[in-house]
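Put the two chains together into one complex; each comes in its own frame, and the hints tell you how they fit.
One-letter residues, chain by chain:
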Amino acid sequence: MMIKDVMPSFELFQPTQLKDAFALLDRYGKDSWKMAGGYDSLSWFKERAKKPKAVIDLSGIAEMKGVRETADGIEIGALTTLTEIERHPVIRAKFRLLADAAAKVASPQIRNAGTIGGNVSQDARCWYYRSGLPCYRAGGNTCFADTPQGVNREHALFDSDRCVAVSPSDTAPALVALDAKFVIKSAKGERVIGADEFFIGPKIDITRMTSVAHNEILTAIRISNAWAGAHFYFEKVADRNTWDFPLVNVAAAMSVKNGVIENCRIACGGVSAAPRRLTAVEGIVKGKPAGEDIAKLAGQSATRGASPLNYNQFKIPLMANLVTRAVRDARA
Amino acid sequence: MAYNLIGKNFVPVDVTAKVTGRAKYAEDFRADGMVFCKSLTSPIPHAKIRRIDTSAALKMKGVLGILTADDVPQFPPPQPPILAKDEVFYVGEPILAVAAESEEIAAEAIEAIKIDFEQLPHVTDPLESLFPGGPNARSNGNVAGAQINLQTVKWEASDFAAAGDDKLPLGKPAEQWSYGDLDAGFKAAKLIIEESFVSGGLAHHPMETRTAFAHWQGGKCILHGSNQSHTTAVPNIARLIGIKPEDLILVAEFCGGGFGSKIPGYPNMAIAALLSKKINRPVMHRISRIEEYGIGSARPSFQGRVKLGFREDGKILAADLYIVQENGPHIGGGDFRAAGNALSILYQPAAMRWRAVPVLTNTPPVGPQRGPGENQLTPLIEPMMDKAARELGIDRLAIRRINAPESSSKMGADQGPVTSAFMKEALDKGAQMFNWEEKKKRSGQRVGSKVTGIGIGQGYHSAGSNGFDGMVRITPDGKLHVHTGVGNLGTYSHSATARVAAEMLNYSWDNVIIERGDSRRGLPWNSAQAGSLTASTQSRTMYVAALDAKQKLVEIAAQMLGGAAGDYDLGSEKVVSKSDPSKSITYAQAAQKAVELGGKFSGKEAPKDINPITAQGLGMIAGSGLIGVAKDTLPRVGVTPGLTTTFVELQLDVETGKIDILDMLCVADCGTVLHPQGLAHQIRGGNVMGIGLALFERHVYDPKLGLPANTLLYQSKPPTYLDVPAEIGWGAVDKADPQNPVGVKGVGEPVQGSGAAAVTSAISDALGGHLFNRTPVSLDMILNFLSKRPQAHKPLQINTV
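Going line by line, the protein sequences match chains A and E.
So the first sequence is numbered by the working numbering: it starts at 1318 and just counts up by one.
So the second sequence is numbered by the working numbering: it starts at 556 and just counts up by one.
The shape of chain E in the complex, shown without the other chains (with noise of 0.2 angstroms):
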C-alpha cells in the first residue's frame, strides 16, 4: 500500500528543542518558593536500622523538614521502599531525605545525623547465597521476584559438588518449563555443546539522572519526572504517593533517556512529592550521578549453563537452559523468563526445557534494560553456534539460517504462535549487505599483530502490545490533535505512530499538532514506552482513534449535505461526497458542526470500554473539536517479534587485547518501516549499546565490603565515539506484520542484543573458536588468554568486570 507519511522522514516535533537547549528537562522547572532535598544513602549493603537521630540535622538553620519511611506509603517486600524503614540492602539506598533552601545545607545536615546500624551479613555473588549457609540478602529470604513469593532457597552441597567449580551447580529452580522430547534430541544429536557462562550486570546509567519536581495545587500534585513512559505510569507514580491516579499531574515531555530504567516511574519520585506536601513547599529533587548508579537500576547479571544438542546440518533438536539471576535486593526483574523465550524462539529447538531462579543479592536493585534478558543470552549463545558450526563443518549463516524463525514458528513453554517473523530474510539480506561471503575468507587472517574476527548475532524482543486507548481531535481551525500519552524516551516513534492517524485522515503533516508530556493536555491510556512496544501499539491506537475521527466526519457530512454517511470520504482535509466531488466540508467546518452537535461528536460522550485515565483526558478536550476516541480492540494472536541481525568485522590486537570494529551492519525485521530515520537511529543506538555489553560497561562489587567500583560513569565505561564504528549500516526486510494495520512491529530492543552477539561471535572467531562464555570479554580476558594465563576471576563469579 502506498503510503503518504508512513515509511517516510520528518523532522520529529522535539528535535529543535533538543538541539537548541530549550527542551525542559524536569531538573530546569522552577516554582516559587522551591526547595532542594538530598537523600541519605545506607553506606553499608546489608544492616538492620536500629535508631536515626536527626535532633542536630532539624535544628540547622535552613533545614526545613526530614522525610523518613515513617512518612510514606509501605509496600510489602520484595516491593522496593520509597526509604528504607528496618533493613537496609545495598550500598546507595535512601533511609531519609532532607529538605532545605539549599542542597549544601541539606548535605551538611545528613552529616550531621546518626543513624546505629546494625550490620548483617551481605552477599554479592547468587551462588554464595544458595550454597548451604550462604548469607541471605534479606533477613528473611534470598530468592524472590514477580510472581515468585519471597522465600529462602538453599541448594543441596551436592548439587555443588556434582558441578566443581567451572560448571554451574544444577540446584533446585524457582520456575521451570519444557516442550519436547528433551532426552530424544540429545539422544538424536551428532553434536552436544554444554557450557556454563557469565553476562555481567550492566548500570543503565541515561544521560539525565531521575531527577524529580514536585509542588502541590488544589490537591492535586504536579510532578515533573524524568520518565519514559507517560500515562501508564501514572497509576503507578500515584501508589507511590499515596494518592488517586486523577490527582497526579504528571509533566514528563522529554527524557535524557531511560532504557528500561524510567517505565512505571520510580520511588524516589515519592519523595519530592510528599516531602513537598510536609513542608507545603516546592520541592526538587536533583539526583547526582552517585545516587543515580545507586537507586538507577542495572541489568542483572546471569550465572547460566546451557546444553544444545544439534542435528548433524545444524538443526537444533534439543536445548536445556539454566539461569541464576541476580536479582538485587528487591523484586528485581524477570530477565530471566525473557532468556528462556529467546533461546525458543530465536533458534527454533525443536525440545527444550528451562529453568531459573532469582537470587536476591546486595547490589542496586535490577530492572528492565533493553532486551532484558534476550540481549544478556545471544551474547553467549551466538560464538556456541558458530563452534557448533565449525565442529560440523556447516557454514555460520547457514548455521543461523537452518534455526531462523518463520512467520508459522512457534515459541516458549506453550508454543504458542507468533504474528510474523522474517528472520531468514533478515540473515539473508544482512548477508548481502555486508558481503558475508567474501568477508568470511578474512577470518583469522593476521596483519602483524592484528588479527581480524568475523561474526553474526542475532537478537530478539517481543515487541507489540494491544488494548489501549487512541484519541484524536479536529479544531474548528482545522488542525489535527494527536494526543498521544505513550511518552518520549527518545526515540521519537511517539511522533512516528501519530502519522498513522494522520495518513489514515489524509492530513498534511504541517496541520498536526501533537499534544503529550502534561495530563493537562488530555492524554489516552497508552502503552508504555518500552518493551519496544510503541510502534506496533501505538499505530493501532492512532489507527482506531482515526477510523472514529473518520466515522464522525462522514456522518456530520451527511448531517451537513445530505444522504447517507457511506456517501462520502475523506478527501485532503476535506469530507467529500463519493458521487459529488463539488460537494465536500472542510474538516474545520466538521470540528465546528461536531463542537455545536456535542455526544460522541465531541467527546462529550465517551465509549464506554476506554480506560478511566482516557476518559479524564477526554473530559479536558470534550468540546473543543470533533473527537476521535477508540480503544484499540483489533485482533492480535501470539507474540509479535522484534527481530535483528547484526554482522561484524573486527581486528583483535593480539599484543594489547584491543579490538577494533571495522564494520558493523545490523538488519531489523520489524515488520513495514513506519520511520526510516527514526529506525536507523533505534539500530545505531542499539548495536552501540551492544558494543558496551561485549567490551566494555562494568558492574564491579568488592565482594567483601559489597562496595561498587562504578559510580561514575568514567568508572562504568559506556563505549565512547572512538570506541565504535564511524558508520553503522542497517536495513530492514521491510515485510509487513499482518496483525498490525500499518504493518508495524517495534525494534528498539533486539538490535542491542544482535551488535553486542556479533562482537562476541567475531571475537571467537579472531580467536580460533575460543569461548569466553562471559560478557563483557575485557582486554584482559583477552590478554589472559593469548599468554596462556588463568583468567582472574573464577568460572562462575560475578561482579568482578
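Pulled out of the complex, with its shape left as it was, chain A reads as follows (with noise of 0.2 angstroms):
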C-alpha cells in the first residue's frame, strides 16, 4: 500500500438500541463495521487495510455495559471494560482468574476504553496480515509467515490450517478455565454457547476469530457459580511487561481438597488460533496429588504435538513452563 495511517472517511452510527443496532448491520450488510472500544477497529482503519461504509459503534448501547449477579453466577455485558472488570468486587471475589487477566491485558489507559467483547473478539495480530498483505485470512490464497523465511516468532504451535496467527487475548484463556458461555444476539433471536463453539479456529472460518455472524452482536458472557471461588493461576508472558500480546498465557481453574487436585481447566493463549483448552492435561492431572511431579508432567504433556514454525520454537519450553507453574500452584 503507497498510504497508510489516514483513516478513511466513514458515516458513524451510535445506535442507544441493540435493535437499532441490528437494523444497521441488515441495512448495510458487509460495508458495515461493529465497533466497541476501538482499539482494533481504528488500527485497522488506520491502516486502511478495512474501508467499511457505515461504522456502527455500540458504545452507548446500555445493556451491553456492566456486571450483573445472577441466580447462579454472573452476566457480564460486552461492553463492560476490562478496567471494571479488574477491580469488580464480585468477580475479584469469585473469579479472580477473569480479573487477574483482564489486569494484564495492554496497558492502563487500552483497559479504560478496551472492552471485554472486544477482547474476545478481536482480530488476530499477524503482523503479516496486519500490514494489509491479501493472504487467507484476508481472503487471498497464501499465507506470508508461514515460510522458510517468514518471520513468526509470535505464530502457533498447534492446529495450524493455512493461517498460523495466533489468538492474542488474555482475556479469552481465562474464560475458557472459567468454562463461561457467550450470548450471541441478532435481529432473530439469541443463542448462547460455550467457548468451544465461540473461538474458531481457521479449519472452521479462516477469515474471523469467532463464531460470530455478521449479523450477530456478542452481547453478554456468562460465567456460572461452577468454578466460583476455585484456586486460579493466571500468567501471561510477553516481551515488555505492559503494551504487548502475549507470547503465550496460561489460565487454570483448579479444584484442591486434601492435597488431590479434583477437578480442573487449563487452557493456553498465544499458541493456537482459538485458545487452547488442554484437556488431555486436566486429564492426566484430575484426581493426582498437587505437587512438583505432577505439575513437571503438566507441563510435559501440554505440548505434545507442538508443529513450530522457523521463529517460535521457544514457545514450547515457554508453553510446558507455563502450565507447570500453574498446576504447581494447585492448593486449596
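Hints listed in this document are in silico derivations from the structure and should not be mistaken for laboratory results.
Glycine included, each C-beta is placed from N, C-alpha and C at the ideal position.
Not one of these hints is a red herring.
Each pair of labels, with its calculated beta carbon distance range:
(1) E:Lys-1259 <-> A:Gln-1426: 30 to 40 angstroms
(2) A:Gln-1617 <-> E:Gly-735: 53 to 63 angstroms
(3) A:Gln-1466 <-> E:Asp-738: 34 to 44 angstroms
(4) E:Gln-634 <-> A:Phe-1327: 40 to 50 angstroms
(5) A:Glu-1328 <-> E:Asp-721: 54 to 64 angstroms
(6) E:Gln-634 <-> A:Asp-1343: 51 to 61 angstroms
(7) E:Tyr-1269 <-> A:Glu-1514: 25 to 35 angstroms
(8) A:Ile-1521 <-> E:Lys-1343: 30 to 40 angstroms
This is the structure in C-alpha cells:
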C-alpha cells in the first residue's frame, strides 16, 4: 500500500438500542463494521486495510454494559471495560482468574476503553496480516508467515490450517478455564454457546476468530458459580511487562481437596488461533496429588503435538513451563 | 572554584510549557489558508519507477498539487533524495507528495495514483549482498558511506567458506587502520577470545514524529520543524529546499525527541517547503507513526567479529575488530568507524586493527543514534571481558580497571590524546555506590526459578567540540539575553550552558532571558545539539561571549567614570571600580551607553572571524544593547571523551526467560557537573534506552518480502515503565576537564551503551558465562539456550529480532 495511517472517511452510527444496531447491520450488510472500545477497529482503519462505509459504534447500548449477579453466577455485559472487570468486587471475590487476566491486557489506558467483548473478539495480530497483505485470512490464497523465511516468532504451535496466527487475547483463556458462556444476539433471537464454539480456528472459518456472524452481536458473557472461589492461576509472558500481546499465557481453575487436584480446567493463549484448552493435561492432572511431579508432567504433556515454525520453537518450553507453574501452584 | 550557578539545579525555561501542554511543536502551528500534504511511499523494497500517472488524482476535488522528484533539488547518490526519482530502495520511501484541503482527500488521491514499478532484487542482509552474485541494494552498487564512494563489493566465495556458518567471513574491507604490533600482541597473550556477533538495529522512534509545516513570506521560507539542532541545521535545510541559508527562517523551539535522527534537518522538511511554494499555500506535512518508521532513521545493525588477546593480569595486548554495517540504502551512518574508536579508547589495547565495510540494504535509512557505533559495541564486548576475567581468575571489576583509559591515554588510529579521562575513578565510585564486593557474591544464586546476575558495562562517546560562536546581549533594562542556536533536544543543556555566561557576568539567574528556537531572535552559529556536544562546546562559546561582554562593560565604565578598563571589575550586575567600590555603573546604564556608542559595543561592528550565520543573527539585534560576541578560539587538543559505567543486578527467570532489573547504577566521567538534575535525567533516560537496546527493541524484516514487521510502537517495543527499575542510581566523578573553561564534558550518549552493556554482562553472569554475542537478548533466545534448543536465527543473521 502506498499510503497508510490516514483513517478513511466513513459514516458513524451510534445506536442506543440493540434493535437499532441490528437494523443498521441489516441495512449496510458487509459494508458495516461493529466497533466497541475501538482499539482493534481503529488500528485497521488507520492502516486503510479495512474500509467500511458504516461504522456502528456499540458503546452507547446500555444493556450491554456492566456486571450483573444472576441466580447461578454473573453476567458481564460485552461492553464492560477491562478496568471495570479488573476492579469488580464480585469478579475479584469469585472469579479472580478473569480479573487477573483483564489486569494484564495491554496498558492501563487501553484497559480503560477496551471492552471484554472486544478483547475476546479481536482479530489476529499476525504482522503480515495486519500489514494488509492478501493472505488467506484476508481472503487471499497464501500465507506469508509460514514460509521458509517467514518471521513468525509470535505465531502458532498448534492447529494451523493455512493460517498460523494466534489468539492474542488475555481474557479468552481465563474465560475458557471458567467455562464461560457467550450470549450472541441477532434480530432473529439469541444463542448461548460455550468457549469451544465461540472461538474458532482457521479450519472452521479462516477469515474470522469467533463464530459471531456479521448480523450478530456478542452482548454478554456468563460465568456460572461452578468454579466460583476455586484456586486460580493466570500468567502472561510477553516481551514487555505492559502494552504487549502475550507470547504465551496460561489460565487455570483448579479445585483441590486434601492435597488432591479433584478438578481443573486449563487453557493457553498465544499458541493457536483459538485459545487452547488443555483437556489431555486436565485428564492427566485430575485426581493426582498436587506437587512438583504432577506439575512437571502436566507441562511436558501440554506441548505434545506442537509443530513449531521457524522462529517460535521457544514457545514449547515456555508453554510447558507456564503449565507447570500453574499446576505447581495448585492448592486449596 | 566555587560557582554561584554552575553545578546547581534550576528550572529550565521550557519545562513549564512542556508539562502544561503550552509548548508548541511543529504540528501545533497554523497559518491562514493552511492545507495538508501526504506522501506516497514505496510499497516494495527495490524497484525502478517506470511511469507515474497522477491524472486521476489531480482531477479530484480538494487536491491542490503534487510534488514529484522533478520539482525538488537533486543530490548525488548515495545522499538521500527528497523524493525517489527513478529507483526506490525501501518500503516506506517517499516517491511523491499530494497537497489537498484535508489529509483524507490527500490519502484518497494517493490511492488514485498509478505507478508502474519494475521490481528489482532486494537485500536485507549485508552478507547476502557481499556473497558473489548476491543482490545489490542499488542498481549501481552495494557499498557506500560518508567518504566512501558508491561501489560494488563482492567478497570471495573462499572468504565465506573459510569462515563457515558461525563466523564472520573476513573479506576485503572498505576501510581499515591499525597501530602497534598485532601479531606480537596475540603471540604474547595468555588468553585469546574470538567471537562473531550481531548487534540488532533499532529505530529512533521519537515521541514527536518529524512533522514539518512551511509557508513563505517575502521570499523567505518559514519552516516549523521538529529538530534537535538549530543554527547548524540551517545551511543543510536551505540546501535541501534549494535556497540560501539567509532565506530560511527555522522555528524549532521544542523537539519531542530526536536521539540523533534530527541533527542537520532531514529531507521531508523540503517537501512541505517546496509544496508550499508550488501551490502558494501554507503546507502542513504531518508524519504518522508508520511513516516515521520509514523515514525516521534507525541505528544500523552490525555483523562483526572480534579477537582479543589478554595478558595474564587481564591487560589487553591486542585487539582485532571487523564490522560489517547494515547501512540502509543511502549514505548511512559512521557507526562502523565509531565502534573502532570505542574499542580503542575504552579497553586501551596495546595493539589494534580495525576493519569495516558499510553495506547497502533495502531497509530504511540509517543514521546516528545516541552513541552511534559505540553503543552497539560495548554490550557485546563486556560479556567477553567477563569471560576473560573468569578464565584468567581475575575480578570482573579489576579487568576493567586495568584496561580503563586515563588522562594520559591515547586513542584511535593515530593514537591521539584525550583531554581527560577518569574511567578508573568512575569504576571505583560505581563499585562503591553499588556495593560491588557484596553484590558480586550473589552471582548465579538461584531462588525458585530466578537466578541472579551481576553486570558491569562501560560506555564512551566523544563529547566536545570547538570553533563555534557565542553571543550575549545586555539590554538597557539590565537583563541578560543569552542567544543560543544550539537547539532543544530535550536535555535542557541549552539552558544549563546559558548559565555559564550568567556565571561569568555575575548575573542573577532571574535576570537572564534565553533567546532561542526561532531564527528571527538572532541566533549565533552553534554546534549541533548532538554527539554529546552541547555541554562542553556551548559552555566554551558562552564563556568567550561573556568575556567579550565583560571587556566591553569595563571599557564603558572607564569611559563613563574615568580611568582605564583594567581599573574595573564586575560586581553584582554592575561594573565597580576596583579601588573605590562606591564608583560603579549598573549593567543597565552600561547597556544604554553601548547603544549610544554603537560600533563593537552594540554589535554594529562584528568580529571578523564569526560565522555568516552569527553575523546574520547579530544584524537582527545590533544596536539594542551591549553585545558580547566572539568565536571560540580557546585551545583544545585531542578528543574530549564522555565516559560512563553502569552496574546492574538482575534476576533471570529460567522458566520464562523474563528479566527483572533489581538495581541499576550509573557513574559518569563528564568533567565538572554543570547541572545535577540534567545529568541525572540524562543518566536515567540513557540507561532506560540501554535496557531497550539490550532486551526488547525490534528491527525485523521479512527477508523475502523486504517488509518491516515493526511499524508501530507496540511492535517495536521500546521499554515501558514496568520494564525498568523504579529508581536508577547515579553519580559523577566530578573532576574538571582541563581543556574546558569551566571543566565540562558531555555525557548524553555513553549512558545508553554502559546501561545496555551492564544488562548483557549481567545476563551472561546469570547464565554461567554464556555468550549470546547478539543484542537484543530477547527472551526466546534465553529459553532456547536454557532448553538446549538451537537459536531460531542463523548465527550472523540480522533483522530477525
